[in-house]
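Trainee: Could you build all of it, start to finish, from the sequences and the hints given here?
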Amino acid sequence: MSVNTVRFAVGVLGVFGWSLTISSATQVGLSDKVLVFPYETDFSFVAMIPQKEMGLRAFTLCMRVATELPEERQIILFAYRTADYDELNVWREQDGRISFYMSGDGTFFHLPPLTTFRTSLCLTWESRTGLTAFWVEGKRSTYQVYKPGHSIRPKGTVLLGQDPDKHLGGLEAVQSFVGEITDLNMWDFVLSRSMIQAWHYGHKVPKGNIFDWGNMEYELNGNVMVVDDD
Amino acid sequence: MSVNTVRFAVGVLGVFGWSLTISSATQVGLSDKVLVFPYETDFSFVAMIPQKEMGLRAFTLCMRVATELPEERQIILFAYRTADYDELNVWREQDGRISFYMSGDGTFFHLPPLTTFRTSLCLTWESRTGLTAFWVEGKRSTYQVYKPGHSIRPKGTVLLGQDPDKHLGGLEAVQSFVGEITDLNMWDFVLSRSMIQAWHYGHKVPKGNIFDWGNMEYELNGNVMVVDDD
Amino acid sequence: MSVNTVRFAVGVLGVFGWSLTISSATQVGLSDKVLVFPYETDFSFVAMIPQKEMGLRAFTLCMRVATELPEERQIILFAYRTADYDELNVWREQDGRISFYMSGDGTFFHLPPLTTFRTSLCLTWESRTGLTAFWVEGKRSTYQVYKPGHSIRPKGTVLLGQDPDKHLGGLEAVQSFVGEITDLNMWDFVLSRSMIQAWHYGHKVPKGNIFDWGNMEYELNGNVMVVDDD
Chain F
5 MSVNTVRFAV GVLGVFGWSL TISSATQVGL SDKVLVFPYE TDFSFVAMIP
55 QKEMGLRAFT LCMRVATELP EERQIILFAY RTADYDELNV WREQDGRISF
105 YMSGDGTFFH LPPLTTFRTS LCLTWESRTG LTAFWVEGKR STYQVYKPGH
155 SIRPKGTVLL GQDPDKHLGG LEAVQSFVGE ITDLNMWDFV LSRSMIQAWH
205 YGHKVPKGNI FDWGNMEYEL NGNVMVVDDD
Chain A
5 MSVNTVRFAV GVLGVFGWSL TISSATQVGL SDKVLVFPYE TDFSFVAMIP
55 QKEMGLRAFT LCMRVATELP EERQIILFAY RTADYDELNV WREQDGRISF
105 YMSGDGTFFH LPPLTTFRTS LCLTWESRTG LTAFWVEGKR STYQVYKPGH
155 SIRPKGTVLL GQDPDKHLGG LEAVQSFVGE ITDLNMWDFV LSRSMIQAWH
205 YGHKVPKGNI FDWGNMEYEL NGNVMVVDDD
Chain P
5 MSVNTVRFAV GVLGVFGWSL TISSATQVGL SDKVLVFPYE TDFSFVAMIP
55 QKEMGLRAFT LCMRVATELP EERQIILFAY RTADYDELNV WREQDGRISF
105 YMSGDGTFFH LPPLTTFRTS LCLTWESRTG LTAFWVEGKR STYQVYKPGH
155 SIRPKGTVLL GQDPDKHLGG LEAVQSFVGE ITDLNMWDFV LSRSMIQAWH
205 YGHKVPKGNI FDWGNMEYEL NGNVMVVDDD
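Protein chains in written order, with the numbering used here: chain F, 5 to 234; chain A, 5 to 234; chain P, 5 to 234.
No lab work stands behind these hints: they were computed from the structure.
Hints are not guaranteed to be accurate.
For chains that are exact copies, the list does not tell them apart, and a pair is met inside one copy or across any two.
What the hints assert, rightly or not - With a straight-line cut-off of 25 Å between C-alpha atoms, the simulated BS3-like cross-links for lysine-lysine are: (1) K208 x K37; (2) K143 x K208; (3) K37 x K151; (4) K56 x K208; (5) K56 x K37; (6) K37 x K211; (7) K159 x K56; (8) K159 x K211; (9) K56 x K151; (10) K211 x K56.
From a predicted model like this one, the values you see are computed outputs, not experimental measurements.
Mentor: Encoded structure:
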């Protein structure tokens, strides 16, 4: 069951100056819960506090996501930003492709469209080779080579629902996420095919050491609902 | 097996003034039966008499539906109307979306298209949160928040096959249903995911306390056929 | 496990005069490996050395292939060329069809599109009848009759990744392969349906007597990566 520890979060998200430090409180644990972003806004988001610093040379990011947004609408799916850089962004682009950006130009994948039903989506990247791929319902996309040698910087902020364009905000409704996200997990290494498939089918896998949905520390802002997963 | 009690229905459907009070007779029970609406008409429909009044603050509506109608054709799938309001309407819109209306503006979902094969379709709504979703073949769509706090009014009439636009009729052929409907059930609460999936797979679930296909009281009007489900 | 025998290949590929004789070294064995062609180039390819001469009056060619390339982009999937002829080419055409050419005009098939996920693709042809078909995920396309009585000439060169338009090169980036190829096998006879399906599902089948992925002799040129299949 989810633990509903609530404590004040003043100053926790130093990257953003505005409402976060005023209105939000940290909660813990999202087991069997879904985040519902019901409307298009420029103020609804969930800040997620990682269990360890996100200076990364490899990662696996997984989530289950559903949206009703029309196909030609840009959608932010995951945003990790430090003061000066978009460190790790995942988007659905206007042309329907899913993209992955680290500090500059991104890389683009043709995947089955996101729909009103949940898609299980993982992303893996490893700095040594630059090999990166998305995994949809446990099936790997074609590998692409993206920024070999790069490192993701630590001490930033992870948001779901909005893309912060700059240090002190810059949220845009037309990029916001509308729909549902659940079961987000992140590891600081590349999971094997069998592990990703196990995660997809809801079997037991090693808990995310950066984000673990069941023990997630998070802060709700604006109109985001935490709903039983049913 | 279905019970074929027939009794006269004069005056039962007080909302409509016209042919209902003259031609139809109430029948009971549709176990293993399918309603076939073979042609486009402005006079064929089935009135369904609920087991309890439909003053509702939550519901689950399920049915199996198949149609050959072209994609750009508007189709009424379920209509519950009181004297002044469309209390609960389900449509397939001209743009292919499935919509749900209560007393005014509706909410729209992108679902897989209805086809010549049967689609199992459920709709859940709960007033407290406004959370609503369609369930297709047991899979839930993205939640939408629709009219939290609203109540559906009692003492109206439920029709399949036509949309009554006003108190005394106003049926339109171009909105009529053509195809098959079976296994319609309705509950005055939100069924759990596992119950909806059980219903989808034809397993045993609690009988609908508003509508129970096996014990349905209904009145056929115009060209509607009751056919063995084979 | 793959055997990584490396020996010099000077002069092995006599058909082409250019960099092959200078830069490449033959390697052996690709068990559990994938060839990743990460970028569009006019210089990245893999030359594959057959286990026996390719004077053929029948064959089965199988591979698993994934690509992110847009649908309207021509793609070379397999090229076997002798000095004067394209002996056996497989393409995805600009109109999305998959084609098969031997020494002149080709034959064209409407198959499911190649995607970012792996497609298992086989091609069978037999000179006596001319019957040819593609097999996608173990399912056979409609037969076509193509060049009955024809023979494929020996002593050519097989390339993956590029189409050599003439004796001394003529590679074009806009025809190059970008994506992944794995598990390529070729036999000098037509495999039965059950054998092709067994191959599709990864079951044991007779090893390819022309190409056997696990014992493949190959030479990497340009930017081609050999990656663990995970």
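Trainee: All hints are to be evaluated individually against the structure, with a verdict given for each.
Mentor: Outcome of the hint check:
In this assembly of identical chains, the alpha carbons of K208 and K37 lie at most 25 Å apart only when taken from the same copy (17 Å versus 27 Å across copies). Within a single copy, K143 and K208 get their C-alpha atoms as close as 18 Å, and across copies as close as 22 Å, so both meet the 25 Å cut-off. With identical chains, the CA atoms of K37 and K151 are at most 25 Å apart between copies only, with a shortest distance of 22 Å across copies and 35 Å within one. Taking the shortest Cα distances, K56 and K208 sit within 25 Å of each other inside one copy (22 Å), while across copies they are farther apart (45 Å).
When the C-alpha separation of K56 and K37 is checked against a cutoff of 25 Å, the pair qualifies only within one copy, where the shortest distance is 23 Å, while the shortest distance between copies is 34 Å. Taking the shortest Cα distances, K37 and K211 sit within 25 Å of each other inside one copy (16 Å), while across copies they are farther apart (28 Å). Proximity of K159 to K56 under the C-alpha cut-off of 25 Å is restricted to the intra-copy arrangement: shortest distance 10 Å within a copy versus 59 Å between copies. Taking identical chains as interchangeable, the C-alpha atoms of K159 and K211 lie at most 25 Å apart only when both belong to the same chain, with a minimum of 22 Å there against 53 Å between chains.
For the identical chains of this complex, K56 and K151 are intra-copy neighbours only, at 23 Å inside a copy versus 41 Å across copies, given an alpha-carbon limit of 25 Å. Taking the closest pair of Cα atoms, K211 and K56 come within 25 Å of each other only inside a single copy of the chain (13 Å); across copies the shortest separation is 49 Å, beyond that limit.
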